[in-house]
Structure formats: structure tokens, C-alpha cells
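*Asks:* Read off the chains here:
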Amino acid sequence: MPRTELHLTLFAADDDRRIAALAAAAVGLTLAEAAIPLPLPGVKPGLANIIGLAVLCRYGWSSAAWVTLLRVVAGALLLGTFLTPSFVLSLSGALLSLLCMGLAIRLYPRLLGPVGLSVLGAFAHMGAQLLVVNLWLMPAVSLLGLAPPFLTVAWITGLVNGLAAAWLIVAMADGRAGDE
Amino acid sequence: MCEGHPFARLRPLLGGIDWRLLMRPGDWLVMGASLAAVTALWLAGHGDVGDRVLIKHEGRVFLETSIRLNRLVEVPGPLGITRVEIRGGRVRVLSDPGPRQLCVRQGWIGPGEAALCLPNRVSVERGGIVYDSLSY
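Taken in order, these protein sequences are the chains called U and S.
Under my numbering, think of the first position of the first sequence as 72, with each following residue one higher.
Under my numbering, think of the first position of the second sequence as 8, with each following residue one higher.
Some hints here could point you the wrong way.
[Stated by the list, open to error] So the derived label-pair ranges between C-beta atoms look like this: (1) S:GLY114 x U:VAL212: 21 to 31 Å; (2) S:GLY114 x U:THR152: 22 to 32 Å; (3) U:PRO180 x S:GLY39: 13 to 23 Å; (4) U:PHE153 x S:PRO118: 35 to 45 Å.
Bear in mind the hints are in silico, worked out from the structure with no lab data behind them.
No residue lacks a Cβ here, since even glycine has one placed at the ideal position from N, Cα and C.
Work out the full structure, taking the sequences as your base and the hints as a guide.
*Replies:* Structure below.
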């Protein structure tokens, strides 16, 4: 009786390898960020979005979506927050900021650079999180009065991350940092 | 070209990138607009953050609570129960057994205002920090 062997080969295209490498870098930043003590829940620098922004500007939206979603899921698995409220918060923030940044870069590809996209993304991220907390996690508390301080933080982190991403994009184009 | 610039000492690290080139026109626009929006939010919400609701019955404090905590408060008075609703950062008298319903028809109570349900001897005050000549 002839033995049948099943050969299963997965082909990893260059795109896949690049996405995996960039997602790994983003997960690294997520973990490093989780180690920083921060005064308030929900206030964090969002360093991983530097990678997301650089990928969005250089490789397009679908690559950025892959990198970001892989980062959110893998980061949550490593931190032990997968499927907890904190995972839902980070997923909803990531999705809305991806949508906003994708829309913005599609509408104004010449006008907007990483800094503007980053600020838009940070606002969307913070807005989605506040909305989820307000509607789902703590419906008994009206948090919208807390929007100004949170959005101020989002503006600052968005600016800093955007400048970092802009620098990263230039450095990647020069071949000095992390491209392949 | 970077000499004397605050980033000049970082030059070996940053590779002499001109930071002004990293910003596109739309970036300035987005940053300005979002900063204006946040400032407007701060100004609009000023004094709202520490807002308190004070419910009194027969002149005594029945309940003091935050306007950020949604809840329905039932205050028993001589005529029956006055219901006070706190929702979404606003407060109003939802129902009152009094005959003329003045405090119910008043609707949402503004900062520093009060609703009086006199027949049932219940008052609802929304205390922000409002300065006027009487406060001094």
C-alpha cells in the first residue's frame, strides 16, 4: 500500500517577510512602552505607531493595516491582555486611527506628511478609546468631560511620533535604518 | 547649515536632516486646527470637570454627587417622590408630584442654576464655581 505524503509548503513573499519584520519591530516598541510607568490609564506615548506611520507612508495602507493588527494581537498575547478590555481598547483605537490615516492620505496625498497623519491618528485613537470606555466599559460615568486633557496628550504624542516617523522614513530611504 | 541649531549636537545621530523638510504644509494645517479644537474644548469645558450636584430636602442636604456619574435619584417628600436624573453631564428634575410642574418644565439645569420643587420641598442645585457679586 503506497504511503501518501503530504507536502505543505508555505511561500513567503518579500512583502510577507517585510511585514513580519516591521510588525516584530512594532511589537518590540509595544513591549518597551509597557515597561514605562505612566501616571494615568490610557495615557501612553504610542511609540509603536511610529512603525505604522513609516509603513503607511512608504508601503501603503494595506501593509500598514497588517503591521498594526499583527502588532496589536501579538503585543496583547505577549502582555497577557488578549481579549481583555485593554485589548479591545487598543484594537478599537488602532482600527479607527488606521481608517482615519488611510482616508486622510487618500484624500490629500501631496499635502499631508507623517506628522499631520500622526496627529490625526492619535486623535482618532484617543477618541475611539474614550467612546468605547464611555459606551461599554463605564456607561455609568460620563467621561466626555475628560476629553480635553486626553486630547492634549494625544496632540503631543502625535507630534513627537510623527517627527520620529518622518525621521525614520528619511533614514529608511537613505538605507541607514531597518530597511530589509 | 545646522550650526547653532538646538539639534546641532544631535547631528551625528540624526544625520544632519533638515527638520523643516519633515513637515509638509498640510501637517502645519492639521496641527494648528487640532490645537485650536483642543483649546476650544478646554475653554468650553472649563469649570465643568469639577461640577457638583446638590439635592436638598427641606433645606437639608439630601445628596451631594458628581454630575459625571449617571444616576436616577428618588427624593421622598411630603407629596411623594421627586425623581432627579443625572445623565451625560447634565441634570434635571424628571418627575415631581407637585401640581404645577415648574421644576420639571424647567428642563436641564444650567451651571450655577437651581430647580425648586416647592410643594414637595425639594431643590436641585448645580454648583459650578460661578463668581458673581454675591459670591464675594
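*Asks:* If a hint holds in the structure, say so; if it doesn't, say that too.
*Replies:* These are the hints, each one checked on the structure:
1. At roughly 23 Å, the beta-carbon separation of GLY114 of chain S and VAL212 of chain U lies within the given 21 to 31 Å, and the hint holds.
2. In this structure the supplied range 22 to 32 Å is violated for GLY114 of chain S paired with THR152 of chain U, their Cβ-Cβ distance being about 43 Å.
3. Taken as a hint, the range 13 to 23 Å holds for the pair PRO180 of chain U and GLY39 of chain S, whose Cβ atoms sit roughly 20 Å apart.
4. The hint said 35 to 45 Å for the Cβ distance between PHE153 of chain U and PRO118 of chain S, and at roughly 43 Å that hint holds.
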